[in-house]
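Trainee: Please arrange chain B on chain A, whose structure you already have, making use of the hints.
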Amino acid sequence: MPLGPSSSAAHIQNATPGFVSSPGRTPTSVTVHPVALFSILDHYLRRTDAQERVIGTLLGTRSDTGEIDVRSSFAVLHSETPEQVAVDMEYHHTMYELHHKVNPKEVIVGWYSTGSNLNTYSALIQNFYSQETAPHQAIHIAVDTGIVEGEKAGVRAYVSSPVGVSPKPENAVFVSIPCELLFKETERSGLDLLASASSTLSSAHPSTDLDVLERALRSVSDMLDRVLSYVRSVLAGETKGDAAIGRYLMDTLGSSGEDLEKGGFNSSLQDTLMVSYLANLVRSQAEVSSRLALTSISSS
Amino acid sequence: MAAAPSMAAAIAASMPTPQSAPTPAAPSYEAIPASMSKAIDIEADISLTSVQLDGLVVSKIIKHSREAQGANAHGLLLGLDLDGTLEVSNSFPLPHHFNEDDDKSIKGVAKYQASMLRSLKEVQADDSVVGFYQATTLGSFFSQALVETQAIHQDRLRHGGVVVVHDISQTARGNASFRAFRLTKAFLDAYKRNNFSTDSLIEHRLTFSSIVEEIPLRIRTNALMSSFIETLSSSSPSPLADGSPSTASSTAALPPSYSVLNLGGSGVTRNLEQIVEALDAYKTEEGNLGYLQRQIAREKARAETYVNKRKEENATRVAQGLAPLPEENVSRMFKIPPEPSRLESMLLLGRIGAYGKSLEETSSAGLVKMYAAKAGTAVSKTLGTTPPAEHRLEWRAKVT
Chain A
1 MPLGPSSSAA
11 HIQNATPGFV
21 SSPGRTPTSV
31 TVHPVALFSI
41 LDHYLRRTDA
51 QERVIGTLLG
61 TRSDTGEIDV
71 RSSFAVLHSE
81 TPEQVAVDME
91 YHHTMYELHH
101 KVNPKEVIVG
111 WYSTGSNLNT
121 YSALIQNFYS
131 QETAPHQAIH
141 IAVDTGIVEG
151 EKAGVRAYVS
161 SPVGVSPKPE
171 NAVFVSIPCE
181 LLFKETERSG
191 LDLLASASST
201 LSSAHPSTDL
211 DVLERALRSV
221 SDMLDRVLSY
231 VRSVLAGETK
241 GDAAIGRYLM
251 DTLGSSGEDL
261 EKGGFNSSLQ
271 DTLMVSYLAN
281 LVRSQAEVSS
291 RLALTSISSS
Chain B
1 MAAAPSMAAA
11 IAASMPTPQS
21 APTPAAPSYE
31 AIPASMSKAI
41 DIEADISLTS
51 VQLDGLVVSK
61 IIKHSREAQG
71 ANAHGLLLGL
81 DLDGTLEVSN
91 SFPLPHHFNE
101 DDDKSIKGVA
111 KYQASMLRSL
121 KEVQADDSVV
131 GFYQATTLGS
141 FFSQALVETQ
151 AIHQDRLRHG
161 GVVVVHDISQ
171 TARGNASFRA
181 FRLTKAFLDA
191 YKRNNFSTDS
201 LIEHRLTFSS
211 IVEEIPLRIR
221 TNALMSSFIE
231 TLSSSSPSPL
241 ADGSPSTASS
251 TAALPPSYSV
261 LNLGGSGVTR
271 NLEQIVEALD
281 AYKTEEGNLG
291 YLQRQIAREK
301 ARAETYVNKR
311 KEENATRVAQ
321 GLAPLPEENV
331 SRMFKIPPEP
341 SRLESMLLLG
351 RIGAYGKSLE
361 ETSSAGLVKM
371 YAAKAGTAVS
381 KTLGTTPPAE
391 HRLEWRAKVT
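One line per chain: the protein sequences are A and B, in this order. If you use the working numbering, the first sequence corresponds to residues 1 to 300, in order. If you use the working numbering, the second sequence corresponds to residues 1 to 400, in order.
If you're looking for bench data, these hints aren't it; they were derived computationally from the structure. Heads up, a few of these hints could be off.
Here are the simulated lysine-lysine pairs, DSS-like style, with alpha carbons at most 30 Å apart [as the list claims (entries may be wrong)]:
hint, chain 1, residue 1, chain 2, residue 2
1, B, Lys335, A, Lys105
2, B, Lys192, B, Lys300
3, A, Lys101, B, Lys121
4, A, Lys105, B, Lys111
5, B, Lys357, B, Lys283
6, B, Lys357, B, Lys374
7, B, Lys107, A, Lys105
8, B, Lys283, B, Lys335
9, B, Lys192, B, Lys335
10, A, Lys184, B, Lys335
11, B, Lys185, B, Lys283
12, A, Lys152, A, Lys101
13, B, Lys121, B, Lys107
14, B, Lys311, B, Lys335
15, B, Lys300, B, Lys335
16, B, Lys192, B, Lys121
17, B, Lys107, A, Lys101
18, B, Lys335, A, Lys101
19, B, Lys111, B, Lys192
20, A, Lys240, A, Lys105
21, B, Lys185, B, Lys357
Per the computed footprint, the stretches of chain B lying under chain A, defined by three or more beta-carbons under 8 Å from a beta-carbon of chain A, are [stated by the list, open to error]:
hint, segment
22, 50-58
23, 130-144
24, 148-162
25, 167-175
26, 298-311
Partner residues are not named here, just some residues of chain B that face chain A (Cβ under 10 Å, in silico) [unchecked claim]:
hint, residue
27, Lys63
28, Leu292
29, Ser345
In this text, a Cβ means the ideal position worked out from N, Cα and C, and glycines have one as well.
Next comes chain A alone, as it looks inside the complex (with noise of 0.2 Å):
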């Protein structure tokens, strides 16, 4: 999304020779991992009153390709006036240092601010973290709270070029990259046990692994009944099919149980039921001997 239709005064480039010398390729596209965003919102969340927006870095990985994966990012100090911005340098690199201890893959990538404002502060902070970057490009990420009226909430990436005759670190044309949300399968539970933490207003936890079963099963059922209406009403010469949802339908639903027909549910419930069994044995095991270790050597 560029910010403005390009002037021909202005001399747009996204990647600038003389600038910073760049060896990487340019960011191309970034992926913020969960944890970096949540960060960002609880940063926002403890700001004090003086502050309109809050900044900090971002860490993460770079590859080859100019992808960028944002991985963690801590809160950074820094107070704006109408005269001046400061960072706070020492604390930035303190807690980068604190950070590298535990995971030395994560460097800094680039700097996070809330809201949708880019300024001119952010072209000089953004200047300041392209030497921390260098050789790499630094990115911008404007995370939007959404708590301004009329705002989304939302989360956009940039990559920043010097604009003018003559390069001036105040002054600079934020390029936005495409921007996504990237986790591991693994980690999708965790994300949705907060979507319904939040979507609850108290959620009994720990749920077992059945719960959670039942759970997924009703909603597949509610999908299967909506699907079932839409069928019939298609049927009944309510609404008009859409071809192309009627080719989705045919492809999730033809799937075909042949294994199953083949005797492979018997011989895997057996299993099944076999490995249930043994759990449930070495359980008791480990109870009945926990308690002979209480009684064998009193009798003696």
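Mentor: Below, chain B without anything else, positioned relative to chain A:
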């Protein structure tokens, strides 16, 4: 009631720390206004009844656990307690300490911890340590290190601190698992005396299930995060998802997930292996204990025969009119080894029990899924045309 705790939360948040609250430390609650009595708890009188985990902490722990590979991920929990609820609002990982330079690495960790806490305080984050978290696999979290750390915490921290255990394998199966524990009084008592002999176990009625007690745990997301998650999971074109292939069917950044319905039984093999390993370790430990036990018995028997012999000798000497030989200190002559500690064997049993439990849960869920898949295909057979949407139940449950 809903307004009171939130009000109290605001008050508590505005105070630097509960310990340094300016009100006089009067134990009687009459001195403190009724509305404040739950918020101001200087002496930590209100015992903890539940733990509340912030969404940020949840995601931080999950990330750290996954990246650290294995059960080595641990870190500190920061937060405040309020009216019996321990609100954990932040956390940070601790570096994995290496065994080579023990003294040095411990110092390094302490320095790291102090420096991190100072830094967090500067950006208005909570900076009081309330416990620690530990990642585990397959539900088994008992280890000497965990027990030791928690015992230290329970001594030093306000309210004794909690340990939040995060199960990686259960999370990978689709049910993010967080549980909060603390050591029971009986175990702590035995631990302080450093006495895990059989007698002590009997006296404290300790089995592996009474080492720790679970504290109910809740997950909380603050309003800002709730709304953000809501935006992410709603199907409207979100700025985060630019129509990536993985989310092609839905434009939401967080499409609904059905990984729970996967029939994959790959974890079962690993679980069985773990059980066998734990059983082997237990067997070895039992062997050691048995050996020590026999040694004790042997020494005791030798000492007894010596005492009896001396008594007989004395009896004959008295009969002959001679002065009896002095009764010597037997314990000095025969070194009876102290009774071995049964802590390790108890912890191992606990691990076996936990593995068993995890296996049981997996298999019971697997059973349900299998019948669901069967029902799905059975319906499809009778219809002859379209099997219903249990397509996601990939038939992969080949239990070996």
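Trainee: Indicate, hint by hint, whether the structure satisfies it.
Mentor: Results of checking the hints against the structure:
With a CA separation close to 55 Å, the supplied pair Lys335 (chain B) and Lys105 (chain A) exceeds the 30 Å bound. In summary, the hint linking Lys192 (chain B) to Lys300 (chain B) is supported, as the alpha carbons are separated by about 28 Å, within the 30 Å threshold. The hinted pair formed by Lys101 (chain A) and Lys121 (chain B) meets the criterion: a straight-line CA distance of about 19 Å does not exceed 30 Å. Proposed proximity of Lys105 (chain A) and Lys111 (chain B) is supported: the alpha carbons are some 21 Å apart, at most 30 Å.
Annotation: proposed proximity of Lys357 (chain B) to Lys283 (chain B) holds, straight-line Cα distance about 20 Å (limit 30 Å). Distance check on the hinted pair: Lys357 (chain B) and Lys374 (chain B) sit about 26 Å apart at the alpha-carbon level, within 30 Å; holds. Our distance criterion of 30 Å between C-alpha atoms is met by Lys107 (chain B) and Lys105 (chain A), whose separation comes to about 23 Å. A C-alpha spacing of about 27 Å is found between Lys283 (chain B) and Lys335 (chain B), which places the hinted pair at or below 30 Å, so the restraint holds.
Taken as a hint, the Lys192 (chain B) and Lys335 (chain B) pair is honoured in the structure, with Cα atoms around 25 Å apart against an allowance of 30 Å. With a C-alpha separation of about 59 Å, the suggested pairing of Lys184 (chain A) with Lys335 (chain B) is violated against the 30 Å cut-off. Restraint check for Lys185 (chain B) and Lys283 (chain B): the C-alpha separation of about 28 Å stays at or below 30 Å, so the hint holds. Taking the CA atoms of Lys152 (chain A) and Lys101 (chain A), the gap is about 37 Å. The hint is violated against a cut of 30 Å.
For the suggested pair Lys121 (chain B) and Lys107 (chain B), the alpha carbons sit about 21 Å apart, so the restraint of at most 30 Å is met. Our distance criterion of 30 Å between C-alpha atoms is met by Lys311 (chain B) and Lys335 (chain B), whose separation comes to about 20 Å. Taking the CA atoms of Lys300 (chain B) and Lys335 (chain B), the gap is near 9 Å; set against the 30 Å cutoff, the hint holds. Under the criterion of a C-alpha separation no larger than 30 Å, the hint pairing Lys192 (chain B) with Lys121 (chain B) is inconsistent with the structure, at around 33 Å.
Between Lys107 (chain B) and Lys101 (chain A), the direct Cα distance comes to roughly 14 Å. Compliance with the 30 Å bound is thereby established for this hinted pair. Straight-line distance between C-alpha atoms of Lys335 (chain B) and Lys101 (chain A) comes to about 49 Å, which puts the hinted pair past the 30 Å bound. For the suggested pair Lys111 (chain B) and Lys192 (chain B), the alpha carbons sit about 27 Å apart, so the restraint of at most 30 Å is met. Only pairs whose Cα atoms come within 30 Å are accepted, and Lys240 (chain A) paired with Lys105 (chain A) is rejected, the gap being roughly 54 Å.
Between the alpha carbons of Lys185 (chain B) and Lys357 (chain B) the distance comes to roughly 25 Å, so the proposed pair stays at or under 30 Å and holds. Counting residues of the segment 50-58 of chain B whose CB falls under 8 Å from any CB of chain A gives 4; the rule of at least 3 is met. Check result for the segment 130-144 of chain B against chain A: violated, 0 residues qualifying (beta carbon to beta carbon below 8 Å, three or more required). Against chain A, the segment 148-162 of chain B contributes 0 residues with a C-beta closer than 8 Å to a partner C-beta. That does not satisfy the three-residue criterion, and the hint is violated.
With 7 residues bearing a CB less than 8 Å from a CB of chain A, the segment 167-175 of chain B meets the requirement of three and the coverage assertion stands. Here's how the segment 298-311 of chain B fares: 0 of its residues keep a CB closer than 8 Å to some CB of chain A, so the rule of at least three is not met and the hint is violated. For Lys63 (chain B), the suggested interface contact is upheld, since its CB lies about 5 Å from the closest CB of chain A, less than 10 Å. Checking Leu292 (chain B) against chain A: minimum C-beta separation of about 12 Å lies over 10 Å; hint violated.
A hinted interface residue such as Ser345 (chain B) counts as satisfied when its beta carbon comes closer than 10 Å to some beta carbon of chain A; here the least separation is about 7 Å, so the hint holds.
In this structure, the hints that do not hold are numbers 1, 10, 12, 16, 18, 20, 23, 24, 26, 28, in rising order.
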